[in-house]
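Asker: Top line first, the protein sequences correspond to chains F and U.
Under this note's numbering, the first residue of the first sequence is numbered 1, with each subsequent residue one higher.
Under this note's numbering, the first residue of the second sequence is numbered 1001, with each subsequent residue one higher.
Treat the hints with care, as some may be off.
A few chain U residues that face chain F, going by a derived Cβ cut-off under 8 Å, partial list only [what the hints assert, rightly or not]:
no.	residue
1	Arg1527
2	Gly1633
3	Gln1656
4	Asp1700
5	Ala1704
Covered by chain F, per the in silico footprint, the following chain U stretches (three or more residues, Cβ under 8 Å) [stated by the list, open to error]:
no.	region
6	1517-1526
7	1636-1647
8	1665-1671
9	1681-1694
None of these hints come from the bench; they were simulated from the model.
Since the structure is predicted, the reported quantities are computational estimates derived from the model, not experimental observations.
Note that CB positions come from ideal geometry on N, CA and C, so glycine has one too.
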Amino acid sequence: MRVSTSQIFDSGTLSIQRNQSSLFKLQNQLSTGRRILAPEDDPIGASEALNVSQSISMNAQLLDNQGNAANQLALVEDRLGGVTDLIQSVRARLVEAGGGTLTDGDRRAIAAEIRQRYDEAVSLANSTDGDGQYLFSGYRGATPPIAVAGTPGSRTVTYNGDDGQRLLQVENGRQMSVSHPGSDLFMGIRQGNGIFMSSPGAANQGTGIISTGSVISGFDGSTYALTFTSATTYDLTVTPPGGGPATTTPGFPYTSGSAIVLGPSGPPAQQFQVSIEGAPSAGDTFSVAPTTNQDLFSTIDQFIKALETPSQGNPALQTSFRNQLVRIGDSMDQALENVLRVRTDIGARMLALDSMTTVGQEVDLQYKSNLSQLQDLDYAKAITDMSRQQMTLEAAQISFKKTSELSLFNIL
Amino acid sequence: MSTGIIGIGVTGLQAAQLGLLTSEHNITNANTPGYTRQRTIQAANLPIMSGAGAIGQGTHVATVERMYSDFLAGQLNTSQTNISELDNYYAEITQIDNMLADTSSGLSPALQDFFRGVQQVAADPSSLSTRQSMVSSADSLVSRFRGIDDRLSQIAEGVNSQITSAVASVNAYARQIADLNERIVVAQSAVNQPPNDLIDQRDQLVAELNKVIKVTTSTNSDGSYNVFIGTGQQLVVGVNATTMTANASVSDPSRIVVGLQTSGRNQELPEYLVTGGQLGGLVRFRTESLDRAFNEMGRVAASMALTFNAQHSLGQDLLGQSSGSAGFMPDFFNMQNMQPGVIQNANNQGNAVVMATLVSPPPISGVYTLANNAGTYTLTRQSDGQSWSAASLLALQAAVPAAEGIDVTGATVAAGASSSVYSASAATSNFYTNLTTSDYRLAYDGTNYTLTRLSDKKQWTNASVAALSTTVSASEGFTLNVASGAMGINDNFLIEPTRGAARNIALNVNIAADPRLIAAAFPFQTRAAISNTGSGSISNGQALPGYGSGSVPATGVTVTYSGGNLTFAGLPANANLSVTTPGGTATVYTGPTIPYVSGAKIEFAGVAFDISGTPANGDIFSVAPNAAGVSDGRNALALGKLQVQSTVAGGTANYQRAYAQFVNNTGNKTRETQIANQAQQALLTQAQSAREALSGVNLDEEAANLLRYQQVYQAAAKMIDIGTKLFDSVLAIRS
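Based on the provided sequences and hints, a complete structural model is requested.
Answerer: Written as structure tokens, this is what we have:
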């Protein structure tokens, strides 16, 4: 083929330019460490890298949220530990107070300590986090949840928070509550054994003490009233749930300390048992009714009131005191159970957070290696490419020099 | 005899001289662009016939020939115009490509930071500093959108000014070709020999013109060229050149388009006629890539603003204000300037003012409105406006497809009232937009209005704009209306739903000034009464579309459990209860008593919650206004979730993916252009070699030719010398 002189020069420069531009690109890749300098180098890789970087950022946010949640829960858990200790110490004093040999003065001394405990309980319930937000007031973070009115022994407590659970996004598609409303923790606590509540009549004159009782096969929600007609017999009046006509069966024999089984024998059987110890007087009453709810503070306050009521030398008052201790003990047990239930739940959440964080960190590594594969340069390959490209460029330059030097005019 | 000898010698001398001249001409023009190698065509002179036969009379140069091939030159021009188009396309699109190159400067990091800010507000809604940082990150997101749009606008302006200057050079070339035509015709007719160098010059001009726009040529019998563009639009005819213009388009004044000045008026050239060369590359880049880039960014911006606002409007701010409160800010992003652009064609005859509006609130699935209009019940699906009507609820239920998963027979709606009802998907679905990346054209032919989606030419036709608007609002994400006046026949409007959105996205100034106005909470909260003795619990609840100021009265809505039923008190007027049992479909009840199913989703008037567990008789749950709920971040959580939910393109992509798709498209297009460019470069090199092989000057060849003609010249001189000597010998004989 005929070749024109300018073609020799043109193609020479063209091939040198091409080699140079490849070399320039390699040099750019090497100096930035990036395989994709612009989306055109690998459009799918470039857009995928964007998506992966969003995944990394979101994962980092979720890890932050998990850390945040763990801190919040740890704070709540710490306060609940305080509440548990408090309930247990009040419970211990309760056992001490029931010792039977205490004087009014001894009991007042205990009462003084329990008064402190009451204040401590309120301050635990009104705990704040680092930002000054109340921990147990639901969504009303700026409102102290517990307000106390009245004087010791006859105080009432109002809950000013709400039931809101503060949520954090801890995983894609999973929100976790990092708070627990005080309404559930402190306020709505069952009484008695959690199902029914046994109690003596307020005007009892004898020394009968009714036990907490337990369920045998169920509880039908009726109210059972035991009215003693003599020291050894009582009448039973059953009022069905929601009112309705009461039925009275007279003449049950009484033996101190033996189990009194109540409730329909079925079917369905809904029987339960209580026992009465001591010597009730004629006219004394005892009742078993569905449980109602009471807050922890009132329970403690009742304990204070009981302790501060003098009963020395008065068997009826002493009996009343011991009956009250049974009721208060039940309530404290229910409160403890309630707090432990919440703590277990929080513990489970913290455990879940732990494993989430472990997984999240692993996923982070995966995403990062994924991103690195997508956009980072394979240096070994790039350097090899660079040497090869360099060689080609040199060859092009040398061959161009040789070819362009050849001219017939040089010889003429 | 000797005169013959000298005469023949002289013809040889002359021919060799011409040969030498031609070679020298070739050598000196070896580097002249467009120069075609010339050579002398020598022919023997007519012989003298004699008894001894035909006696040769020497030689003469018949013509000086250009070593030229129409076919090869044409091939070269085609390759050249293609590569010039691709080069220009590539030069423009790499600007976008490079802008997106840095992963740390694109939209992604700003988007991620913004949602990080939202999450932080969700984690600590009562903190003013987290709210402030959400506002700041929103601010940088907005400026990132604007920054990218600015850069695109600069590229668009660059395209406009390049078109203007390219058109100027087309006109200059056309004028010169017409001038050369004239000189060539004169020169050729004078000596009846081709004016080689003039023809070279003209061919070179055509080649240069091809770099600007693809042209075709035809040769007239007098040697002049006609030059055409597009499908035969005349640019040069003989000695006349048509003026090409670069003016603002009548359909969109922001675009400079190419036109031809014919008989005193400017005729806009449709873009498909402007092909090849710089102009072809610029025009194709603008329609294929640049418009799309604007619209893709705009779609992300508009979709984000619409969906974010829709979710934001369901919330309650730190001041306790929510939907219906005087100071409540439902919109986080200011949508005022983000509405679609409508550009009136400059040639419109009518006086219609056409408005286009983005569909707001954007669609969400699972939300319906049940209305009673004077005894006709209508169920309308919020996501696309699809509705079913019947004279009774039973008949309506028969008309509603089972796939909707909703049973309305138990509802009650007073005449003239309407009620929000919900199907199973309502609580888990999210807002999304149907916006596309295309522009649209609305045209009127005297009877019908036609809306054309420019990307794929899909058309909708209707005799009324309102009906047309209803049709397209469900699928295209915007509505149309004629605000005033009437359209004339053949009037048209260009509608750009997303083009300006990235440029005009802005924060709500009130929220920017007071971050307490961010609606991070939901406006109601759920409660279980402290006196409850059962194990039933009520979920935190969620606000849905349909929530309004009257949804939850100040005294709250109470739900009392008794004997397997829930009884509602305090429900707002016309509220119906939509109940979806786990895994089941939705059943609408009038209330106030509904059967209790643990975990069933209960929805009324935009309030959604569920009650699960085993409540005891008499247990009370309630839904009440979220008074003092400063630590509630439920709506912020819902806003944060939008980041990964499918909110764009009819609910098929999230913001990030829609942006990544744009990056991918741009990268692909750039790569495609580059590869086409490389392929075309190979073709160009081939065409160049082929042309050079024929027409290029080879200096070695010319050196050889010089030697050859030198030797012929010397030989011819020797012939004359011999002739002289012969003559001398004859003279010597005489003396």
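Asker: Hint by hint, which ones does this structure get wrong, listed from lowest number up?
Answerer: Nothing - there is no hint that the structure violates, so all of them hold.
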